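Protein chains: 2
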Amino acid sequence: MATLLTIGDAAKASGLSAKMIRHYEQSGLLRRSPRTDAGYRLYNSEQINQLRFIRQARSLGFSLHDIQSLLELWQDPRRESRAVKQLAQQHLNEITSKIAELQHMQQVMTELADSCRGDGSPHCHILQQLAKPN
Amino acid sequence: MATLLTIGDAAKASGLSAKMIRHYEQSGLLRRSPRTDAGYRLYNSEQINQLRFIRQARSLGFSLHDIQSLLELWQDPRRESRAVKQLAQQHLNEITSKIAELQHMQQVMTELADSCRGDGSPHCHILQQLAKPN
DNA sequence: GTTAAACCTTACCATTATGGCAAGGTCAAA
DNA sequence: TTTGACCTTGCCATAATGGTAAGGTTTAAC
Chain B
1 MATLLTIGDA AKASGLSAKM IRHYEQSGLL RRSPRTDAGY RLYNSEQINQ LRFIRQARSL
61 GFSLHDIQSL LELWQDPRRE SRAVKQLAQQ HLNEITSKIA ELQHMQQVMT ELADSCRGDG
121 SPHCHILQQL AKPN
Chain V
1 MATLLTIGDA AKASGLSAKM IRHYEQSGLL RRSPRTDAGY RLYNSEQINQ LRFIRQARSL
61 GFSLHDIQSL LELWQDPRRE SRAVKQLAQQ HLNEITSKIA ELQHMQQVMT ELADSCRGDG
121 SPHCHILQQL AKPN
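Sequence lines, in order, name chains B and V. The numbering of the first sequence is my numbering, which starts it at 1 and goes up by one. The numbering of the second sequence is my numbering, which starts it at 1 and goes up by one.
The set of hints was computed from the structure by calculation and includes no laboratory data. These numbers come from a predicted model, not from an experiment. Some hints could be false.
[What the hints assert, rightly or not] Stretch by stretch, here's where chain V covers chain B in the computed footprint (C-beta under 8 Å, at least three residues):
id	stretch
1	25 to 35
2	86 to 97
3	109 to 123
4	127 to 134
Positions of the beta carbon are idealized from the N, C-alpha and C atoms, including for glycine.
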């Protein structure tokens, strides 16, 4: 039984918002979905799987652009896993860079926060540091 | 000697782009700067210091919204360092959250990447995992 | 059978920080 | 005077998501 879901139910089933599902369709990530006579979008289980795929990839931080590639690879029986792994590795590298950047901020911010009394006096090492010419 | 710089030189002196300096002015972060008769913006050393302050706060990841507060505190001789520290601590918490989130992605992505052969075969654990109903 | 709630549709606006481009004015040096 | 390097404003774009508004549809209750 090809159960067809409207967008609200598809959203619940996939964990995405209806708003985003429409957006993905409009930006070419998803094919234009079949409609009822009234124009309501309808989703079958295959499409729900695709939505879940997108949600999981998003939760790993993949961009929609990368997800488009991942979807194409997923649906291509002649793909080479090399291509998938390369995308994954690139994304991993970006994640690692961002972590490093944030950790640097974290370190400096921790030092700054520790060096500020945080009381009723105006003296504040944080502001002093930010104001330093450097 | 109150040396006055045009926006390009102010940009070089502060490490910001001219575009962003204009944007900061337009969004209310900076007071509208004095102009020449021809309408060119002019910056004195105090304003250059303010620009540097902004750049350093940006490099620590503070939002422009927070920077507005920091600038106000900086310029208020009756500030309480408590207020500054609170902003810093909040920002630090956000950084820490983002790091945690990214580290989670990093861990999952590492496992996924490791589980993919990355060769010419179509078999790919990464795609399998993304496609899993979960 | 009508009505009301809960859906759905599209379209537009907002966010955040930054960059690009275009059309045009200004200034300085050759 | 011309030219190149500036400056101006204004508009558009990015990425992913949310909000709102105006209006059509479906379903359940009365």
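Does the stretch 86 to 97 of chain B contain three or more residues whose Cβ lies closer than 8 Å to a Cβ of chain V? Check passed, 7 qualifying residues.
Cβ contact check, 8 Å cutoff: the stretch 109 to 123 of chain B against chain V, three residues minimum: Holds, because 12 residues of the stretch 109 to 123 of chain B bring their Cβ atoms closer than 8 Å to Cβ atoms of chain V.
Checking C-beta pairs, does the stretch 127 to 134 of chain B have three or more residues closer than 8 Å to chain V? Held - the stretch 127 to 134 of chain B has 7 residues with a Cβ nearer than 8 Å to chain V, which meets the minimum of three.
Under a C-beta cut-off of less than 8 Å, do 3 or more residues of the stretch 25 to 35 of chain B approach chain V closely enough to confirm the stated coverage? Result for this restraint: violated, n = 0.
The structure fails hint 1 only (numbered hints given earlier).
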